[in-house]
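Colleague: The primary structure of each chain is shown beneath.
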Amino acid sequence: MILLQLNILILWSFVQILAVGRVHQEFLKDLSSLLSAQVLLAFGLFLKVAQDYVTFFEAYHLNVLLFPFFSFSLSLVVDNLSLVFLVLTGFLFYLLNLTARSLGYRLKEIFLILWLLEFLLLNSFSCADLLLFYILFEALLLPMYLMIGIWGSQKNKIFAANQFFLYTLLGSFFLLVGILLILLLAGSANIFFLRCFLWDPTLENVLFFLFFVSFAVKVPMFPFHLWLPKAHVEAPTVGSVLLAGVLLKLGSFGFLRYSLFLFPQAALSYSWILLSLTSLAVAYSSFSTLRQLDLKRLVAYSSIAHMNYLMGGLFSHNLSAMVGSLLLQTAHGFSSSALFLCIGFLYERYGTRNLFYYGGLATVMPLFLIFFFWFSLANLGFPGTMNFLAELTIFLGLYETYPLAALCMLTGIFLSALYSFVTLNRLFFGPYSHFQRKYADLSRREFLILLPLALWLLILGLQATSVMAIWVAPLEAFFLAQ
Amino acid sequence: MLLFMITMPELILGTLLIFSLLALLLFGSLLVWDRTEASFFQALRLPHPMARVFYLLVGYILLINLALIQILKNHASETSDQSTLIFFFDYHSLNVLSFLTVLFLCFLIFAYYHPSSSHSSLNFELPLLLFFAYLGMVFLILNRDFFSWFLSLELQSFSFFALAGFRSRRSFLQSEASLRYFIFAGLASVLFLFGLSMVYAYYGTIDLYAILSLILFEEDFTFLGLGLVGIFLALLFKLGVAPFHIWLPEVYHGVSSLVTFFFFLMPKISLLYNLFIFLQLDIQVLLDRISFSSIFLSLAIGSFMAFNQTNFKKFFAYSSIFNNAFFLLPLINAKSSFSFFSLFFFLFSYQLSLFLVFFPFLFLRSSQDLRLINNLRDLLSLKKVNPVLSFIFTCSLFSLAGIPPFIGFFAKLFLFLGALDQGYLDLIFLFLVFSVLSTYYYIRLVKIIFFSFLLRNSWTKPLPLWPTLLTALMFTVLSFLSFLPLYSLVFSSLSI
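The listed protein sequences derive, respectively, from chains W and P. Read in order, the letters of the first sequence are residues 11 to 492 in this note's numbering. Read in order, the letters of the second sequence are residues 474 to 969 in this note's numbering.
Simulated from the structure, these hints should not be mistaken for laboratory data. Take these hints with a grain of salt, some might be off.
[What the hints assert, rightly or not] Across the chosen pairs, the derived CB separations fall in these ranges:
1. W:Phe219 x P:Phe777: 21 to 31 angstroms
2. P:Leu946 x W:Phe202: 33 to 43 angstroms
3. P:Leu498 x W:Arg32: 27 to 37 angstroms
4. W:Leu194 x P:Ile544: 35 to 45 angstroms
5. W:Arg301 x P:Leu946: 54 to 64 angstroms
6. P:Leu946 x W:Leu300: 53 to 63 angstroms
[As the list claims (entries may be wrong)] Stretch by stretch, here's where chain W covers chain P in the computed footprint (C-beta under 8 angstroms, at least three residues):
7. 656-670
8. 892-903
Computed from a predicted model, the values in this text were never measured in an experiment. Cβ atoms here follow ideal geometry from the backbone N, Cα and C, with glycine treated the same way.
So that you can see chain W by itself, here it is in the shape it has in the complex (with noise of 0.2 angstroms):
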């Protein structure tokens, strides 16, 4: 029953937004922060009812004859494996909507743009029905497209909101033309109808080399990663947490939830090539971060690098490492936010994230150099940390299975430490630079958004395994097919 109550409290915010008048600037940033912080609780609400069963399951169908050749239906479906990108989603949120109140102009529009990501993307995360989820993977384009081109700080923005368009636009061409085939082929494309149907071998390769393409660009995976350091870049903050936060995972969620849900056999004989391609774009990644100037560029490079892990994990017909994929999907979208955010503070104060105008920044930012140095500890997956954990057990699961995948992707680890420990020491450690003029330490609005991220990572990091546990049932149902 909340899935529902949240979507109606949701799309009322929005409705409450757009009856703001233009003229009450800072109405409107309480009346935003208050309205997430709303919707957050009701998110708590869903957390506590599911910690109640080991397995959780609540579903809405809602099957409709809409159209006159095919049933469209209307299913959204909770459980847990859903569950913690919604509360990833609903906690990012809270935190943009805390973050928005620094853009200068259209504030009313940014609000405006947030509240309807924030309704597409939930119901995205919880949709059990092929064509309803490609028209909200859609509809999600559009409103980002206009985050990216109005707030976007550079005159390249334009060049990068397009491409992000019309990149993912391609990709998920494919994914409509693998529905319009299920479509026609099955009759309905709802997943768990799906999931019974015998596919031939050769039309099932062929669907999930379909669903593989428009995924690996959300993801994104090796040859379709170009879009994300330009968008990331050229994306106000806002943006990039969101493209960071919770858009990747939308990608990696497809693959879990329908490609290897409904092709598992496909997955299975595919895997070489998968893994090999997380692999490179790891090994490449990590490589490129080493040469980036432009500070977001770098945290867009590592969040390649992390993805392409947990796909990784995804890939390996390992429990242990899809579990670990899981969790390190939880724990990117905890920390690369993290970090996009504290590059965002830096940039709101000095107008640039060209690494050459930074340096020893520790001697009058100390509280900002704590918290960075928490999030960057994340991002290497230092141990005490969620990120470790998840590695961890990624590794773990895909050494058994995929030893020398495992041997590849742990190069990304150490090439993490080493961008991570360099950035550090550019920006923080070294002689005061002098195109800092002024300083100014973290704000209380700042430190309370960057505290629950920071302790996030911190408690889960610590112990997780109640968080894992809650994966372990719905994921042995994938090794049930094969």
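Following the hints, complete the assembly by docking chain P onto the known chain W.
Modeller: Quick look at chain P alone, frame taken from chain W:
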């Protein structure tokens, strides 16, 4: 009276329309006479009407027409048994006819408030010419035999020639465009007539529905094929499908804005229905290659040529060439059950998006010289001046591009489903790749509106009320009603 209507229905429809047209012509000539000679209206103590009242009169006639069509629908039959000599009423044609009438009514609302209609009463001819074209289209939809087909096609084309040249004393471009249109479309009509005469020479009958049953026994298409292909090519020419599209951008560019809007909206309905009926003949083997190459060329030309356009009329002309490929897709195999529904649903969504997209170009005026905007660049600061309009415009552009959750996506979904049902997987891939290309130039418009910092243009007069209301209603249909079961109710009547 009702019996009379049932037995000879076309008589009532035809006479109503033609006599009302003649009456309006008479009234118009009275109007003009009143300006030049001694005052007729003053003698009768009547106020002198403006030319705009003709729009109202045409609108009233259309409403009566619509009511008549609804009455006729109750008595129409599904099969071709109960039909009269000249016209053929069946369920589909009456539905398409009511769609045409409603669309024309919406167009008239736009035209009434358009600045070009507020001039002197000597310009009463425009609504009448539009009505002539509407007549041509009505008879094109309702025709049964070759005579009425050719005559109605000519009536429509000639009305279009006259519309294209309407008030062309102002600009050389416009008179040149109308003359070119006349020459090109005249050649197409000649080809059409040639095809018709070939088919008649082969079969000896001019009844299309008789030929439909005769052609099933045909093996040798060498002589007949010439005629059929001629008809098909001529109809494709009128539609503006590549490679017969060359007249389209320059004619649409040269003509005045309101008439361009009319050209975009109306002829497609009648021509596509005509093509649909024509393709019920089982001649797929002849026309396959033409259809595929036309589709490919339309996609390519419509995508590539629109990148560099600055004039909005040419831009949308190329976009309509691109969308013509989508219209041809269900017509490749017009006998399947998907094709009628997907074709007309796509037509409906396309017209809807066109209304929304043309609305700023028809009614926004630049503040510097009070002219209507002409270039795409003139949309530059729309987000500052009228953010709601820019939002609506963006949404309709995305509906044209086929992005969910708008209605354009669902329309293309049905088209692709129908095509996949026939097995054209590679064609679908082609469509999708070119769709991405064409999405780029729609996004470019969004970029022009939203992503700029300078306030370059400003607009003075407020937008007129009724077109704005109509636009808002259409936008609601375009966006938020995409998920409602309403569509299944509305369009279940369109399925076979």
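Colleague: Against this structure, judge whether each hint is valid.
Modeller: Right, here's what the structure says about each hint:
1. W:Phe219 x P:Phe777: 21 to 31 angstroms: Because 28 angstroms falls inside the window, the suggested range holds.
2. P:Leu946 x W:Phe202: 33 to 43 angstroms: 39 angstroms, holds
3. P:Leu498 x W:Arg32: 27 to 37 angstroms: Taking Cβ atoms as reference, Leu498 (chain P) and Arg32 (chain W) lie about 52 angstroms apart, which means the hint is violated.
4. W:Leu194 x P:Ile544: 35 to 45 angstroms: 40 angstroms, holds
5. W:Arg301 x P:Leu946: 54 to 64 angstroms: Holds: the Cβ-Cβ distance is about 55 angstroms, inside 54 to 64 angstroms.
6. P:Leu946 x W:Leu300: 53 to 63 angstroms: Taking Cβ atoms as reference, Leu946 (chain P) and Leu300 (chain W) lie about 57 angstroms apart, which means the hint holds.
7. 656-670: As far as the region 656-670 of chain P goes, the hint is violated, because 0 residues have Cβ atoms under 8 angstroms from chain W.
8. 892-903: As far as the region 892-903 of chain P goes, the hint holds, because 5 residues have Cβ atoms under 8 angstroms from chain W.
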